[in-house]
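*Asks:* Using the hints provided, position chain B relative to the given structure of chain A.
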Amino acid sequence: MNHAAPAAPAPRAALLPRLSFLRLSLLAAIVLCCASWVYILNVDSNQSHSFFSAETWRRGVSFLKDLAGAGSTATPAFAQASAWRETGRLAYQTLAMAVLGIGIAALVALATFIFGARTLMTGELAPYGASAWRALYIAARAFFTLTRSVPELVWAMIAVFIFSPGILPGAIALGIHNAGILGKLSSEVVEGLDPRPMRALRSSGAGRFQVLLYGVLPEALPRFTTYLLYRWEVIIRTTIVVGFVAAGGLGQEFRLAMSHFHYTTLSLILIWYLILVAAVDIAAVLLRRLAR
Amino acid sequence: MTPRFFESRRVLTLLLLAALAWSLTAVSWRGDLIHSGGFRAIGEIFAAIVRPELSADTLAIAFRASWTTVAYAAAGMTLALALAFPLGVLARSTTHQLAASIPARAFLAFFRSVHELVWAWLFVAALGLSPVAAVLALGIPYGGILGRIYAELLQDVPQAPIRALRTAGASEWRIFWHARLPMALPDMLSYTFYRFECAIRSSAIMSFIGLGGLGREIQLSLDDIAFGRMWTFLYFLIALVLIVDLWSTAVRRRLAP
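As you go down the protein sequences, you meet chains A and B in turn. Positions 1 to 292 (the numbering used here) are the ones given, in order, by the first sequence. Positions 1 to 257 (the numbering used here) are the ones given, in order, by the second sequence.
So here's chain B without its partners, still in its complex pose:
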């Protein structure tokens, strides 16, 4: 460890603390930060944690909404894969395909710079309320993220086998199919499964703008100030995320070398 190492770390810590202090000045610290009913609301919300509403009607709605949420997530991921794979392959930086890699990277960066809910709102405003709008809204930013990661993974494979193939006279295309892709594939699959877990959460909040799903039900129960019902739907969401989390962890453990 050189002294230089400590220096740059210390600078970083100071910068982060300064940023936090600056952000505190942007809050208007008036007396009414917590509004009049605020403390009672905290009590009611937390009291409802142990009293979720479990009537047959609510459970039926919760199961249907869970399926909608999963369906948006899975369909969105299919679209994301369809976008990410070709763009990711093009975007990996190799000297011989700069002309394709720069525009591909620009597209990926643009796709992922806008949040899925913003995409969703724009699509619904522009094209009308349809579940396909939700799938597009989820698939585009996820395609951007997946594509970037695919490009990095395809680029960071061990170089020795690739050099060997190239010396043997294999074309770049063959090198890709026979060396690059097979070597990167386990990590690519692993990351895709991880993103599926995130897609469930994103898909749940899609409904905020009127598309169905668990988020819509959570919002409706909050509109009715029915905290018990809200927790029922939240527990369904947590369970859904947990199931997908366990699944993707199990898959990723087996894919790891």
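Looking at chain A on its own, in the form it has when it is part of the complex:
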């Protein structure tokens, strides 16, 4: 770019540090972090024993020993083939819950993301009767905000009021939350698209649906798939958490093992959890290569 040389900066700017929005934000973030630590350490020191005491260390070591099965005469769960099979079945369910969750999220997001793209719903590319489409745009954005602001776990707590415990309420909870995330991200992809090809299609007589089909979707869908696979990596980590309340897969067993002090079963569940996470991470990398 060929800008003229900027005028000499005002002398005051050199003397006072510029109080820009960024500086203020950084300062606010630092103050917030310090205040939070003061609050947390204060609460902690009012407890019967502080986190920073020898007691914590002793407890931590004995917990690790319990996980390893030391000090108990029983065969640890991770040394029994039957326990591996049993938790393996739960891991299979957990994987299914994750896939179903991302499937629901993808279908809901695919059905709604076009309505969340400002550039398509308002302005020159918008269909006639713009106010109705504008209302639809606002509704889509409100839907994304509501669904993604509420964490999966809370959706799961609500879902078990409606559905019988099992994979389904967990998958629905994962689906609702991630539909909001995927929908918002994909709408923003559409908004960021170069408008010139769409305008060209439009001015050469293409209908609005044809603009969508040939101008928007071929550009947006590959990005959508990439986001989908990224979210899948996150979802597999969250499935166990949703299972705490939705009573499906490894999460439920984790909760039971925790409350019955079956610590070696707990280690076995954690091993399966790490296997699942690693497997999904690798699968997502391979699938992303296909998406390119």
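It is possible that part of the hints are untrue.
[What the hints assert, rightly or not] Listed next, the stretches of chain A that the computed footprint assigns to chain B, with coverage defined by at least 3 CB atoms under 8 Å from CB atoms of chain B:
hint, segment
1, 45-56
2, 162-170
3, 274-280
No lab work stands behind these hints: they were computed from the structure. Glycine residues also receive a C-beta, built at the ideal position from the N, C-alpha and C atoms.
*Replies:* Chain B only, in chain A's frame:
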């Protein structure tokens, strides 16, 4: 666009649809998928959306719980930064520091492979119920994610200035401080602010295992089947996420080149 391009995309679509079909077979489709009171519960939950409970007591609890949620998130992010920066710097793959980069990557991968709530439960079971446990539980997986992204950002900076410095005889350390870090810093800050928004949500659900905060209040209201109160706390959570979202978007817009 080559035909090959279409082929691999089609394979991917088929694979994803097949996975979805497989996952549907794992659900036991019995008659009682929605339990007896289910439909009434849907009605009550949605009716309560427009009737949140706004008594002074509830609002006071909501404000206190919001602060706890923000405090866990901010303190957790501080810890995450303290973990992510050194490990991220070590983990970026350069030929001359493989010995440091492989273990650093392994640590980051391990930190982020376990969900923050699972960490929280393990810490509480192992070490006792303390807000510091919540901070650790949030800081470790977030440190893992931030560290990975930092490593990538530090690696993907434009190579020309770095080559120029190297030809001029600058040490790797100087190149890092004077070229790599300054070039990657805006993106690193931008991503950190984005993660802070996620940390608010994560911190809200921490309370599920007994640590205070908005999630705890939501859970208590659900235990009382007080849907109106639940929506009050949910609205507080949504507002909190929105505020941080707006803030981080504003910061990121100014950091973008």
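*Asks:* For the segment 274-280 of chain A, count the residues whose Cβ lies under 8 Å from any Cβ of chain B; is that count three or more?
*Replies:* As far as the segment 274-280 of chain A goes, the hint holds, because 3 residues have Cβ atoms under 8 Å from chain B.
*Asks:* Are at least 3 residues of the segment 45-56 of chain A within less than 8 Å of chain B when you compare beta carbons?
*Replies:* holds (count 7)
*Asks:* Examine the segment 162-170 of chain A: at least three residues should have C-beta closer than 8 Å to a C-beta of chain B.
*Replies:* Our answer is that it holds, as 6 residues pass the Cβ test (under 8 Å) against chain B, meeting three.
Every hint, counting from the list given before, is met by this structure.
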